[in-house]
Amino acid sequence: DTGVSQNPRHKITKRGQNVTFRCDPISEHNRLYWYRQTLGQGPEFLTYFQNEAQLEKSRLLSDRFSAERPKGSFSTLEIQRTEQGDSAMYLCATLKEDNSPLHFGNGTRLTVT
Amino acid sequence: AQSVTQPDIHITVSEGASLELRCNYSYGATPYLFWYVQSPGQGLQLLLKYFSGDTLVQGIKGFEAEFKRSQSSFNLRKPSVHWSDAAEYFCAVGDILTGGGNKLTFGTGTQLKVEL
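Chains as they are written, first to last, in the working numbering: chain A, 1 to 113; chain B, 1 to 116.
The shape of chain A in the complex, shown without the other chains (with noise of 0.2 Å):
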């Protein structure tokens, strides 16, 4: 058990740029999610997957942020044109099955100039 795994651990980007980050689950796990943490606040849910499958998102993702996971394993989240409001830390988070814990990785934190 290595851990939820998450690249890079910082980025700094400009305005307008696109930026893609990415989470290795713990092996065998079949749930990804995506959870977004800004300063001084809890994190807040935006997406997750089922295996391969992307069974639901938050409103809080609108149509610059697309998140992936194409065979069921590693998963991509990126966010087109970003904006300084996307500034924060990007949490990815792996369970086996229900009613297991929720595995956290370190994040991704996101600086937008």
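Source of the hints: derived by calculation from the structure; they are not laboratory data.
The C-beta atom is built at its ideal place from N, Cα and C for all residues, glycine as well.
Check the hints yourself; a few may be wrong.
Subject to a maximum C-alpha distance of 25 Å in a straight line, what follows is the list of computed SDA-like cross-link-like pairs (lysine to any residue) [stated by the list, open to error]:
| hint | chain 1 | residue 1 | chain 2 | residue 2 |
| --- | --- | --- | --- | --- |
| 1 | A | 57 | B | 97 |
| 2 | A | 96 | B | 17 |
| 3 | B | 113 | A | 71 |
| 4 | B | 113 | B | 17 |
| 5 | B | 61 | A | 98 |
| 6 | A | 71 | A | 51 |
Quick look at which bits of chain B chain A covers, simulated, 3 or more residues with Cβ under 8 Å [as the list claims (entries may be wrong)]:
| hint | segment |
| --- | --- |
| 7 | 53–59 |
| 8 | 77–83 |
Using the hints, position chain B against chain A.
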């Protein structure tokens, strides 16, 4: 819609003193409830969870929490705080109907400082 309120933004306790962090939730049915801890620059670690059954839940690192339906509360307690417990603590409620109970709504967190 579900919500979580953590009324204390900051709490300072002396090492060895007891601790209680407050959490109130709003949810239409029997909730899934969680407490997570986050150290600076890190992800969240699960301390304990309540799904059903015994309303007093034991977690890791000596923490416990009690589910009180009548008060819509799930307060976190520890009898004797250690300096390493300094961190931010988040209470969360899980949506049973979607997300398999792990589509979580978090409170705004309580920052715990421990004085030596």
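Taking the hints in turn, this is what the structure says about them:
Between residue 57/A and residue 97/B, the direct Cα distance comes to roughly 14 Å. Compliance with the 25 Å bound is thereby established for this hinted pair. Taking the CA atoms of residue 96/A and residue 17/B, the gap is near 37 Å; set against the 25 Å cutoff, the hint is violated. The hinted pair formed by residue 113/B and residue 71/A fails the criterion: a straight-line CA distance of about 43 Å is larger than 25 Å. For a cut-off of 25 Å, the pair hint linking residue 113/B to residue 17/B stands: about 12 Å separates their Cα positions.
Among the hinted pairs, residue 61/B with residue 98/A is consistent with the structure: their alpha-carbon atoms are about 24 Å apart, no more than 25 Å. As the CA atoms of residue 71/A and residue 51/A are separated by approximately 8 Å, the hinted pair is consistent with the 25 Å bound. Closer than 8 Å: that is the beta-carbon criterion, and the segment 53–59 of chain B has 0 residues meeting it against chain A, so the requirement of 3 is violated. Residue count for the segment 77–83 of chain B with a Cβ under 8 Å from a Cβ of chain A: 0. That is fewer than the three needed, and the coverage hint is violated.
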